[in-house]
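For the protein sequence lines, the chains are Z and C, in the order given. Per the working numbering, residue 1 is the first one in the first sequence, and the count goes up by one each step. Per the working numbering, residue 1 is the first one in the second sequence, and the count goes up by one each step.
These aren't lab readings, by the way, just hints derived from the structure by calculation. Please note that a few of the clues may not be correct.
As the list claims (entries may be wrong) - The calculated EDC-like cross-link candidates involving lysine to aspartate or glutamate, where the alpha carbons are at most 20 Å apart (straight line), are:
{"no.": "1", "chain 1": "Z", "residue 1": "Lys72", "chain 2": "Z", "residue 2": "Glu281"}
{"no.": "2", "chain 1": "Z", "residue 1": "Lys196", "chain 2": "C", "residue 2": "Asp141"}
{"no.": "3", "chain 1": "Z", "residue 1": "Lys79", "chain 2": "C", "residue 2": "Asp202"}
To be verified - A short, non-exhaustive set of chain C residues, derived as facing chain Z with CB atoms under 10 Å:
{"no.": "4", "residue": "Leu200"}
{"no.": "5", "residue": "Asn407"}
{"no.": "6", "residue": "Leu455"}
As the structure is a computational prediction, the values presented were derived from the model and not from experiment. By construction, the Cβ of each residue, glycine as well, lies at the ideal position given by its N, Cα and C atoms.
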Amino acid sequence: MKHFPTRRTVLGTASALTLLAMTACGNVAGGTTDSAEFPSGPVNLSVGQAAGGSTDLIARALAEGASQALGKPMPVVNKPGANGALATKEVAGKPADGHELVLLNASLITITPLAVSPDEAVNIDDLDVIAGLSQDDYVLVASPGSGFTSFEDVTAAGRNITFGTTGVGTGSQLAQTVLFKQADVKGTDIPFDSGKPALTAVLGNQVELATVQLGEAMPQIEAGKVAPLLVFSEDRNTFLPDTPTAKEAGYDVPVAQYRAVAAPKGTPQDVKDKLLAAFQEAFKSEAYQEFNKKNMLTPKEISGEEVVTEWKEYAAKYKELVEKYDISLSGNK
Amino acid sequence: MDFLNPVINGFAVVLEPTNLLYCLIGVVIGMLIGVLPGLGPAATIAILLPLTYNVEPVTAIIMLAGIFYGAQYGGTITSVLLRLPGEASSVVTVFDGYQMARQGKAGTALGLAAIGSFIGGTAAIIGLTFLAPIVAGFALDFGPPEYTALALLGILLVATISSGAKAKALIAAAVGLLLATVGRDIFTGQSRFTFGNLQLADGIDFVPIAMGLFGLGEILYNLEERHRAAKAPSKVSNVWPSRKDLKQASGSIGRGSLLGFFLGILPGGGATIASMASYAMEKKRAKQPERFGKGAPEGVAGPETANNAAATSSFIPLLTLGIPANATMALMFGALLIQGVTPGPQLVEQNPELFWGVVNSMYIGNILLLIMSLPLVGIFVKILRVRAAILAPVTALITLLGAYTINNSMFDVTLVVVFGIIGYLMKKFGFEPGPLVLAFVLGELLESSMRRSLLVFGGDPLGFFGRPISATLLIVFVLVALLPVIRSIAKRKFTASTLVTKPDIKEKV
Chain Z
1 MKHFPTRRTV LGTASALTLL AMTACGNVAG GTTDSAEFPS GPVNLSVGQA
51 AGGSTDLIAR ALAEGASQAL GKPMPVVNKP GANGALATKE VAGKPADGHE
101 LVLLNASLIT ITPLAVSPDE AVNIDDLDVI AGLSQDDYVL VASPGSGFTS
151 FEDVTAAGRN ITFGTTGVGT GSQLAQTVLF KQADVKGTDI PFDSGKPALT
201 AVLGNQVELA TVQLGEAMPQ IEAGKVAPLL VFSEDRNTFL PDTPTAKEAG
251 YDVPVAQYRA VAAPKGTPQD VKDKLLAAFQ EAFKSEAYQE FNKKNMLTPK
301 EISGEEVVTE WKEYAAKYKE LVEKYDISLS GNK
Chain C
1 MDFLNPVING FAVVLEPTNL LYCLIGVVIG MLIGVLPGLG PAATIAILLP
51 LTYNVEPVTA IIMLAGIFYG AQYGGTITSV LLRLPGEASS VVTVFDGYQM
101 ARQGKAGTAL GLAAIGSFIG GTAAIIGLTF LAPIVAGFAL DFGPPEYTAL
151 ALLGILLVAT ISSGAKAKAL IAAAVGLLLA TVGRDIFTGQ SRFTFGNLQL
201 ADGIDFVPIA MGLFGLGEIL YNLEERHRAA KAPSKVSNVW PSRKDLKQAS
251 GSIGRGSLLG FFLGILPGGG ATIASMASYA MEKKRAKQPE RFGKGAPEGV
301 AGPETANNAA ATSSFIPLLT LGIPANATMA LMFGALLIQG VTPGPQLVEQ
351 NPELFWGVVN SMYIGNILLL IMSLPLVGIF VKILRVRAAI LAPVTALITL
401 LGAYTINNSM FDVTLVVVFG IIGYLMKKFG FEPGPLVLAF VLGELLESSM
451 RRSLLVFGGD PLGFFGRPIS ATLLIVFVLV ALLPVIRSIA KRKFTASTLV
501 TKPDIKEKV
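All chains should be built: construct the whole structure from the sequences, respecting the hints.
Laid out in structure tokens, this is it:
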């Protein structure tokens, strides 16, 4: 929001008007497909999550760097709903001139379809992915009252374990249910609305385990209030080098949250190139790198094609895991 | 005195120029809408919610809180001078306040009310300051079972204690619970009542409901009433009460503070009930009850103190437990959620600047109000000359624009219009929107906490009684539920009740 200081000072209504006016300009200008002129107006970056959340913060950090490189403002437009499907579907239907972008969460493509009805799911083929951004790792933490300090303690407990997830159809739920099946541990899946309440329930000993995103859990891990048992990334996380991965412990659950930025299908190649160049410029900026570090995000700045291939692989892998272990992400009630 | 450190830091937060400015804006708006009959604080906060989107959370809540307690001061002015209560909580002030004005003691009445309000408000803030850390000490003991019990108790109290017809309040609460079920079931991912509409996949947002029911509904309803042209009184003098008046009123101010404080904490309670209860109590205690209605200073000082104390103390359940005690607090809850802050036992620890900033801003706000309401009375009274025909379209426009800006969604605007019409019809047929909105907020909490608890307990409902806090709350729930039965038995024994006839006033929000 920093490149757009008026929004903070001017009252909300005024900013709405500004935004409306700017969107209108963008659309008018966007009518021309003469991509030599791109960008002819502001580039809107839609986010399917509420302002202030981790996805929103990533979008704002990215937009700040990229708008400087493009020489046009890049306002972040929050449109929360249906795990981000709402914003994504809306952007997918906009003119493919590069002025309307969306920040994608991999879970929307790879995991959410396993839990919700098909019309709420998003197909990545409806979009042109411009660039991959970063990887946000999940960590399995144990409550102080549980006495668990490693995952072996959990498998050795030989009883039913309660575990909190960040919601139905999230990486947190998938990672834990698959892990428990593979480790042959009986567990009760207790969904919370997001990471924060799940972590609070662990702190208050209402559940024994929970899987939340690393950035959220880190302050409590550092304070020694919860014990990190496993990370679900394929390699050890640089921010938590002493915690083993699930793979090292002998389980096959590679789950993490990945993020990428995408445009409507059919965006001209030179427009995509310009956008990519602007994002790469943003990746290089010190502010953006500092932001990643502060939020425990591991950069994963891969090409759009790689994003599509990887995410499709993950989607297939998760589908296979879920079918293999006969897990229903929505079915335990 | 380690525990006082965050309290003092809170003052540093309040004294930041931006926060001071927003505190002033809040109390001035509060004063204004308090003076204007029609829009109440809940409606105003509903309308202004989106404007807080771009400021810091603490600043936003400071302003909104200012509107709430500022309105308690403002409402008094018109009650006394024009016999026109600007605020539901100032209705009882009319009885003696207007009589005092006719006897040429308008200044004294306003002065007493302002001083009483200040004392009542301050007493409640001090109570909040000491009570909050105690509740926060239990923060981590509040898990899903405790929230289940709290939400149950909250919904019951809201439906049974709120003013107006109980059956209608229960119906409204039931509709609120029903609306809370719309959207994806967070335990199974199933869509409920979404009719295949992706916009409803996450349920109905709280803010458009509140903006529609309170904001637009209230505007529409007010259009029906033709306000009589208010004549501004010639002059208000002698706003500083004499020593004799103060002495006469000091007892009622003390009692009003205490009564208001407790009624404010109670879910379903709040400023209106506190002012009525205080009036009844003063009349009952008085040596010459016949003076009441003829300009008794206690009849102004008591209720005005109580409504301010209650307005302030109703922040306690919200800021410490995350349970809104009344409709206005439900809106504060919404405002905090918009800001990404979830009110609850963790708030004091995780967000001390926010918590203490807001609490301490109330001291400053009360001082500002005291200054404004004594010498500046005349200016505020002039506001009454603004015609509803000008005010209504402007506020309606602000509401709709504001609704759009929260999520950049036209769907939200449609929702506001739909709920505006529902709110208008509800008012017209004597249903209060308050219980609906509160049940909506608490309904989500109730459902998810209960299902979560049952999962933890392995499906055994007796688990709720195995935990001290939830067991206590559930016992209170049963007692409150049985209270009407007990009361009706008691009533049969003492049929001759000499209590004052409770004025039949619908809570204006």
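We went through each hint and held it up to the structure:
Between Lys72 (chain Z) and Glu281 (chain Z) the alpha-carbon distance is near 14 Å, which keeps this suggested pair within the 20 Å criterion. Distance hint between Lys196 (chain Z) and Asp141 (chain C) is fulfilled; the C-alpha atoms sit about 16 Å from each other, no more than 20 Å. A threshold of 20 Å between alpha carbons decides the hint, and for Lys79 (chain Z) with Asp202 (chain C) the separation of about 12 Å falls inside it, so the pair holds. Evaluation of the Leu200 (chain C) hint against chain Z yields a held restraint, the C-beta minimum of about 9 Å falling below 10 Å.
Checking Asn407 (chain C) against chain Z: minimum C-beta separation of about 6 Å stays under 10 Å; hint holds. Below 10 Å, beta-carbon pairs count as interface contacts, and Leu455 (chain C) has one with chain Z at about 5 Å; its hint therefore holds.
Checked against the numbered hints given earlier, the structure satisfies every one of them.
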